[in-house]
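*Asks:* In case you want the letters, here they are:
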Amino acid sequence: MKIFRIFAKQASAPVARERLQVLLAHERASVGNSDLVTLLREEILAVIAKHVQIDRDKVNVKMERGAKVSTLAVDLEIPLDTGAKAA
Amino acid sequence: MGKVIVVTSGKGGVGKTTSSAALGAALALRGDKVVVVDFDVGLRNLDLVMGAERRVVYDLVNVIQGDAKLSQALIRDKRVETLYLLPASQTRDKDNLTEEGVERVIGALRKAFDWVICDSPAGIERGATLAMRHADVAVVVTNPEVSSVRDSDRIIGLLDAKTAKAERGERVEKHLLLTRYDPNRAERGDMLKVDDVLEILSIPLLGIIPESMDVLRASNVGAPVTLADSRSAPAVAYLDAVRRLTGETVPITIPGEKRSLLGKIFGRRAA
Ligand SMILES: Nc1ncnc2c1ncn2[C@@H]1O[C@H](COP(=O)(O)OP(=O)(O)OP(=O)(O)O)[C@@H](O)[C@H]1O
Ligand SMILES: [Mg+2]
Chain A
5 MKIFRIFAKQ
15 ASAPVARERL
25 QVLLAHERAS
35 VGNSDLVTLL
45 REEILAVIAK
55 HVQIDRDKVN
65 VKMERGAKVS
75 TLAVDLEIPL
85 DTGAKAA
Chain B
4 MGKVIVVTSG
14 KGGVGKTTSS
24 AALGAALALR
34 GDKVVVVDFD
44 VGLRNLDLVM
54 GAERRVVYDL
64 VNVIQGDAKL
74 SQALIRDKRV
84 ETLYLLPASQ
94 TRDKDNLTEE
104 GVERVIGALR
114 KAFDWVICDS
124 PAGIERGATL
134 AMRHADVAVV
144 VTNPEVSSVR
154 DSDRIIGLLD
164 AKTAKAERGE
174 RVEKHLLLTR
184 YDPNRAERGD
194 MLKVDDVLEI
204 LSIPLLGIIP
214 ESMDVLRASN
224 VGAPVTLADS
234 RSAPAVAYLD
244 AVRRLTGETV
254 PITIPGEKRS
264 LLGKIFGRRA
274 A
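Each protein sequence line maps, in turn, to chains A and B. In case it helps, my numbering puts the first sequence at residues 5 to 91. In case it helps, my numbering puts the second sequence at residues 4 to 274.
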């Protein structure tokens, strides 16, 4: 049967299973703490604002959920002219 | 004291009402006294599926608001004499269900019946949480499909947190009923496997109901599928599920597994 399958589309169920497992692991863990990213964003902003002047709209915090670990990506623009704040 | 079962899912249209009627009728066929309660206030359908739509006078909301006595609202099935229906209101909405009212009605039903089956509305709002509120047992109806499994996971979380049992530190007994299982899609590998769903949700399996025209036919004529044609594949699956629910050990067969074996042989010849 496998041989004939080559020409057919690949089975989609295993993909569905993987996606669900990752998603639910995170949804179960985040009950009662669903706004972790918002919280992190605020605190990261506060720390950075202590040292450089930043535009709040230019700060991007993203969480990518993986099977074993998640990655947190912080992406912010620091304008050249106001690079340093009076320390 | 009877047992209260909630038939629930989170996601809509997965087969809760079909299953409530089928399981209720199957339990009543054993001689147990059964009432099936429609909690889908505003979108009642259980009356249609059970063929009692022309006999509805009073409903759950009338009883809760004191406009009718429980005995006036209960409709006795014409085929199985130990089977009753408590219909939902079609004209009101779920805000008419009060917590105390539901507690009082379920308490009274529990005293008079062996089984009280609550057909939950979809969603996770008031209607659904009130339907599960007093459950001893939950039948989580799930289709082998990603969004249904995700919603079932959510509902399982609510069963462990928001029910009267959970608040007393006890556990609602949970069972998975996999419905609308399509052997052809399973064979092609485009449907979540039974094992996958079980592993993900990790609650015991009560049964697998195949996708079948017999379900549609039964609802067309207004009979629970277990009464319409008790030898059809979905009816047999529901009857087996009821045996498991009452403590018997009945091996689970995955719909179409045998036929798909034959199908493979023919497939090879044709190729
Ligand atoms: N095993 C099955 N095979 C074929 N059709 C089915 C099966 N189970 C349910 N259906 C059909 O799916 C539709 C939805 O079923 P049903 O009303 O029982 O779902 P529900 O979960 O109660 O929906 P809602 O969330 O709207 O209350 C109906 O048309 C029903 O006939
Ligand atoms: Mg329904």
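No lab work stands behind these hints, which were simulated from the structure alone. Remember, predicted model here, so these are calculated numbers, not experimental data. The beta-carbon is built from N, C-alpha and C at its ideal position, and this holds for glycine as well. Hints are not guaranteed to be accurate.
[Unchecked claim] No more than 30 Å apart at the CA atoms, straight line, and that leaves these computed lysine-lysine pairs for BS3-like:
no.	chain 1	residue 1	chain 2	residue 2
1	A	K72	A	K54
2	B	K196	A	K72
3	A	K72	B	K36
4	B	K81	B	K36
5	B	K81	B	K196
6	A	K66	B	K14
[Unchecked claim] Reference listing, derived: stretches of chain B covered by chain A, where coverage requires no fewer than 3 residues with Cβ under 8 Å from a Cβ of chain A:
no.	segment
7	150–156
8	195–205
*Asks:* What are the numbers of the hints that this structure violates, sorted from low to high?
*Replies:* Hints 1, 3, 5 contradicted; others consistent.
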